[in-house]
Amino acid sequence: MDQAMVEQARSSAPNPAGMSLSIEQLNAWYGRKQALFDINLTVPPLSVTALIGPSGCGKSTLVRCLNRLHETIPGARVEGRVLANGLDIYGRGIRPMNVRRHIGMVFQQPNPLPTRSIFENVAIGPRLNLGLHGSRLKELVERSLQQAALWEEVKDRLHSPATSLSGGQQQRLCIARALALEPEVLLMDEPCSALDPISTLQVEELITYLKRQYTIVVVTHNMQQAARIADRTAFFLHGHLVEEGETQQLFTHPRKKETEDYISGRFG
Amino acid sequence: MIQERVSLSKARQQWIRWQRLLRAQRPGDLFFRGITLLFVLIVLGLVAGTAWILISNSLPTIRRFGFSFLTNKAFDPVHDSYGVLPAIFGTLITSAFALIFAVPLGVGASIFLVDFCPRPLRLVLAFLIDLLAAIPSVIYGLWGFLVLAPWLHNNGEPWLQQHLGFLPLFQGQPEGVGYLGAGIILTMMVLPLIISVSREVMLVTPVAQREALLALGATRWEVIRHAVLPFARVGILGGVILALGRALGETMAVTMIVGNQANEPSLSLFTPGYTLASVIANQFGEATPGLFLSAIIEAGLILFIITLITNILARWLIASLQRQAQGRSRGGRL
Numbered sequence: 010m011d012q013a014m015v016e017q018a019r020s021s022a023p024n025p026a027g028m029s030l031s032i033e034q035l036n037a038w039y040g041r042k043q044a045l046f047d048i049n050l051t052v053p054p055l056s057v058t059a060l061i062g063p064s065g066c067g068k069s070t071l072v073r074c075l076n077r078l079h080e081t082i083p084g085a086r087v088e089g090r091v092l093a094n095g096l097d098i099y100g101r102g103i104r105p106m107n108v109r110r111h112i113g114m115v116f117q118q119p120n121p122l123p124t125r126s127i128f129e130n131v132a133i134g135p136r137l138n139l140g141l142h143g144s145r146l147k148e149l150v151e152r153s154l155q156q157a158a159l160w161e162e163v164k165d166r167l168h169s170p171a172t173s174l175s176g177g178q179q180q181r182l183c184i185a186r187a188l189a190l191e192p193e194v195l196l197m198d199e200p201c202s203a204l205d206p207i208s209t210l211q212v213e214e215l216i217t218y219l220k221r222q223y224t225i226v227v228v229t230h231n232m233q234q235a236a237r238i239a240d241r242t243a244f245f246l247h248g249h250l251v252e253e254g255e256t257q258q259l260f261t262h263p264r265k266k267e268t269e270d271y272i273s274g275r276f277g
Numbered sequence: 438m439i440q441e442r443v444s445l446s447k448a449r450q451q452w453i454r455w456q457r458l459l460r461a462q463r464p465g466d467l468f469f470r471g472i473t474l475l476f477v478l479i480v481l482g483l484v485a486g487t488a489w490i491l492i493s494n495s496l497p498t499i500r501r502f503g504f505s506f507l508t509n510k511a512f513d514p515v516h517d518s519y520g521v522l523p524a525i526f527g528t529l530i531t532s533a534f535a536l537i538f539a540v541p542l543g544v545g546a547s548i549f550l551v552d553f554c555p556r557p558l559r560l561v562l563a564f565l566i567d568l569l570a571a572i573p574s575v576i577y578g579l580w581g582f583l584v585l586a587p588w589l590h591n592n593g594e595p596w597l598q599q600h601l602g603f604l605p606l607f608q609g610q611p612e613g614v615g616y617l618g619a620g621i622i623l624t625m626m627v628l629p630l631i632i633s634v635s636r637e638v639m640l641v642t643p644v645a646q647r648e649a650l651l652a653l654g655a656t657r658w659e660v661i662r663h664a665v666l667p668f669a670r671v672g673i674l675g676g677v678i679l680a681l682g683r684a685l686g687e688t689m690a691v692t693m694i695v696g697n698q699a700n701e702p703s704l705s706l707f708t709p710g711y712t713l714a715s716v717i718a719n720q721f722g723e724a725t726p727g728l729f730l731s732a733i734i735e736a737g738l739i740l741f742i743i744t745l746i747t748n749i750l751a752r753w754l755i756a757s758l759q760r761q762a763q764g765r766s767r768g769g770r771l
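Residue numbers (our numbering), protein chains in the order written: chain A, 10 to 277; chain B, 438 to 771.
Since the hints were derived computationally from the structure, they do not count as laboratory data.
It is possible that some hints are incorrect.
What the hints assert, rightly or not - Calculated from the model, a selection of chain A residues having no Cβ within reach of chain B, i.e. all distances over 10 Å: (1) 26; (2) 63; (3) 65; (4) 81; (5) 111; (6) 116; (7) 121; (8) 123; (9) 183; (10) 205; (11) 206; (12) 213; (13) 214; (14) 219.
What the hints assert, rightly or not - Pairs of lysine to any residue residues, derived as SDA-like cross-links and limited to a Cα-Cα distance of at most 25 Å, are as follows: (15) 42/A - 555/B; (16) 147/A - 637/B; (17) 147/A - 555/B; (18) 42/A - 645/B.
From the three backbone atoms N, C-alpha and C, an ideal C-beta is built for every residue, glycine too.
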């Protein structure tokens, strides 16, 4: 994608300088079980922030709090604030649907809609939310697939079913689907854990490329991946944020003992 | 030399033993296959036996009237003249009526139960709906005859005639008993079936599919429309088939409210009529051996065939829906 296209997409966004997220005193529960304790974390705009930690440490729960998806699970609830460009997405009168339309998400397992075509899978977001159709919709679908580095592979079979794609292609299709809504933030919950090494590399390159235009939060339990793609990294343990900082600094000079134990492979 | 030969035969023995190990038939497996095959044969035998009894016992009327049995409207033991045209018509129109109203109502209700209803209320409602399915059909019939029919006669049908009388469906003399009442009772009776089946299949929609839509900023309805219904449609159709089977064959409740008159098939829902099942229920008590009994059994045979045809059509529809979904998912990889 050329620079002009980036500029054009940028200028239509509410905040051309990219969106920052600021998490303040966030607590989350599944029923009675508390999953997150007093999380404070700032995600700078147009950067990649990686959340790492052992299974069950709350990193997935945290990203699901950032687009208000956590509360859709029966019994789950959230307390605290998440400021998106300064506005609390848990504030009064805020509608979760609108939050999710601006803060996109890619899941661990590729989840294209199985009964829809490749084109329809990307088009569904803009169709539902922006009421686009015809040539403008086609343009947007093409641009999103290009951004997700999938266009060349699927341009001749846009109307084949989404399930005919390989796992890696399906994941990039889901990324394209999220991008088609032109969100400001992209949340990715272990986007590569179901993919083979080559697809993983493709998605990682994609993330590095996309941060020019999007604020990205990516959950991973692959520390090498975090080191490769993230500008900042946050380490979680048992629902607590242990340490957060620049990726390089966190991996080479961790401040906390737990972080050092984890990244040197002594547990987790 | 000798030693070599000994070790060779030892190797051969081991080889034979290895072959035996992999080729051994497991008796349990054979036994289990035999038992399940037996069960299937029993079921097939029951169906074949039913068909045989129905056909062999209705031979007298089949020989005597041939196809005119299907087109003759009189069922007249006094003059030994038999036909079931009004009953076939009544069976189809009351079942169609029931499905037309019960499917949207039932699917709508299960959408509410699965996606909008607060959890404690859902459990109570689901219990009550399942309870509806357990009410004996004679109770529905009594209610239909004692409550619904008089109300239709005095209020419901005159009102329909006044406001929608330009439709042929609502013309004619309000009678209370008739196709309309039977259709309403059938709707009530198949509704819990459709709700239960739809609710079960909607509940197992993969969370990943719902969240895919939620993450795109979809409303609740859009999640249902684009994630839940595409996933559940085959199962819902299965529920509709069960409902259709029940509506076609329902006897007691329908007999009590359909009116039991062999009238000319007419589009008016106010007409008192017959269904195949109600003909059998009404006439069986007085049946005398000979043409009379044979005519009743042939009515049963026709009901059997109608049920068979609708089931085959429905299976075919489901299979093609499934093929569509699978074929699509395989197609692109070629």
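Quick rundown of the hints versus the structure:
1. 26: holds (23 Å)
2. 63: Correct as stated: the minimum Cβ-Cβ distance to chain B is 23 Å, above 10 Å.
3. 65: holds (18 Å)
4. 81: Non-interface label on residue 81/A violated, nearest chain B Cβ at 6 Å vs cutoff 10 Å.
5. 111: violated (8 Å)
6. 116: violated (6 Å)
7. 121: For residue 121/A, whose nearest Cβ neighbour in chain B is about 8 Å away, the distance does not exceed 10 Å, so it is violated.
8. 123: violated (7 Å)
9. 183: Check fails; 8 Å does not lie beyond 10 Å.
10. 205: Residue 205/A is indeed farther than 10 Å from all Cβ atoms of chain B, at 16 Å.
11. 206: holds (21 Å)
12. 213: holds (21 Å)
13. 214: Residue 214/A is indeed farther than 10 Å from all Cβ atoms of chain B, at 23 Å.
14. 219: It holds; residue 219/A is separated from chain B by about 17 Å at its closest Cβ, greater than 10 Å.
15. 42/A - 555/B: holds (21 Å)
16. 147/A - 637/B: violated (37 Å)
17. 147/A - 555/B: violated (40 Å)
18. 42/A - 645/B: holds (22 Å)
Hints 4, 5, 6, 7, 8, 9, 16, 17 from the list above are not met by this structure, while the remaining hints are.
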